[in-house]
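**Student:** In terms of full-length UniProt numbering, the sequence shown opens at residue 1 and continues consecutively.
It should be emphasised that the hints constitute simulated quantities derived from the structure, not laboratory data.
No false leads were slipped in.
Calculated lysine-lysine pairs in the BS3-like style (CA-CA distance at most 25 Å, straight line):
| hint | residue 1 | residue 2 |
| --- | --- | --- |
| 1 | Lys182 | Lys169 |
| 2 | Lys94 | Lys127 |
| 3 | Lys90 | Lys154 |
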Amino acid sequence: LAQEGLHRFARGRASVFATAAAGGPGGSRTPGGAAACVCPQHGRGAFGTDCTHHGKVKCASCDVGYELTEAFTCQAEEVEAHVISHDLGKYINKARILGHMGTVFDEIIAASHADRDLEPDELAEYKRRFVGDMEPTRRIVANASGGAWMLLHKARKAINTYKPIMPRKVAHAVNQAGLPYKVKAVESAEVDHVFNMGFMERKERKEDAGADEAEARRLNDAPVGSAPAAFDARTAWPKCEGVIGNIFNQGHCGSCWAVAAVHVVDSRLCIKTDGEFSGQKAELSRGFATSCTVPKDNPWGVVDGCAGGLDEWVYEYVDNTGGIPVTGCSPYFASGEGTEHFETSTAAPACPTECVQSFGARLDENRFRPSGLGSSRFYYGPGHPSFSSRPEEQARRQAAMQADLLANGPVSYHVHAGSTMMSFSSGILTAGCGQSVNHAVVAIGWGVDNGLAYVLTANSWGPWWGEQGRYKASWCEVISWTKPGTITGTSYPLPIHGTSSSRDIEEESITTTATSAPPTSPPSTSAPSTTSSTGVCQDDAT
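With these hints in hand, go ahead and build the complete structure from the sequences.
**Tutor:** Next comes the structure, spelled out in structure tokens:
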């Protein structure tokens, strides 16, 4: 996060109005300049490759949002925003923390100057939420031993939880700064940044060093620059455009890992069956995957799929344990906006053993098991023994990811999702470059826009987020990715229960996609939502 005092809004590290973990006041910083250079001898660097001269970075020119310095390095065009230090003791002492929480809030905000970024109504709502949460606790612990410490601990969380995700003033400044993306003002979703978006930091596993060694060599041998300039899996496999373009809402559950992996399984199953697995009912159950695929005795001690996980768990489950039914058999259980699962996390229910009664069929007879996905699955990123962040290896990994998507279909990858991503509205996102992963998404294509290469990506926060649920991410946003194994299974419970033939599925898909318009705002009901894409979206949503 940013240093205390002024936070510099810059390409690759943008995160607004956040609490600062440490650091001195003021000062500027550049955000992982590896994404900034444009090198004549190599072209624009894949995965943000630098140009080097005698071991030092030398830039011929800079990406959008950067400017060239006299030393031939790229420095970010920056937007200033005030942040609040994680150490609230800098603003208020322990004795005063025991006073009314309205006064405590006023003192913290005044000392940090955070009010300069907020409109009066934003500040008033921020204060109302903070005081409403903190004051009941103060009354209980004010006279207790250690009460001041308990209040400081809770206040650190509350001052961050109830802040606006993207204040209007900051959003305006960001959108005027020449960055390659635009944001919109977003009120507080009561986000707790202590929790992640549902994707775990991966721990090194011994089996990766051996079993994946050959695959690592193959990936590193991928020819750089051989991929076409643009690709969209929806148009490459037109019989599967609805399945590949499907946008899901994970709701109040940290299930992005399962949603992303099942999106990949859906898409590749459709491609493998030449479109026979398609139509409105061709959606494998994200809820079933969240509840059932968490391995026992995993290194994180996770037992609840809504507490996070890894996409590879789904691929391994399909190979080692069993298949996944369609959503009609096992509906999704979480509701609300996907960005809000920081605030309210639904616990995943127990793994179901039967389909819901309305489905009218047995679960064990309606599992789709595209075997092979997990037996040769391969993760590449931080935590793998042979991982390297050297520019030339990053470029090869990009080439390998493109080759796999081109040959087999969508790929899940892992990003940093912060307040900038939550408030993203258009353009090419670069705010998570160089940061740690906490969210899983799905690559469905790539392209170049205004000279900047991007990955066309499906998110899991509903169709009203971003560009109809999708966004363009700079290649430097791809921190790690998982390559599924090749599907070897050939027998599936088709046609899907409730459809009489593949022709019925095709007609149902045509009717649905021709009459459905993507929503632009969250639904007013609490039901979880999905939508299907109808090919290439308009304007920047492609």
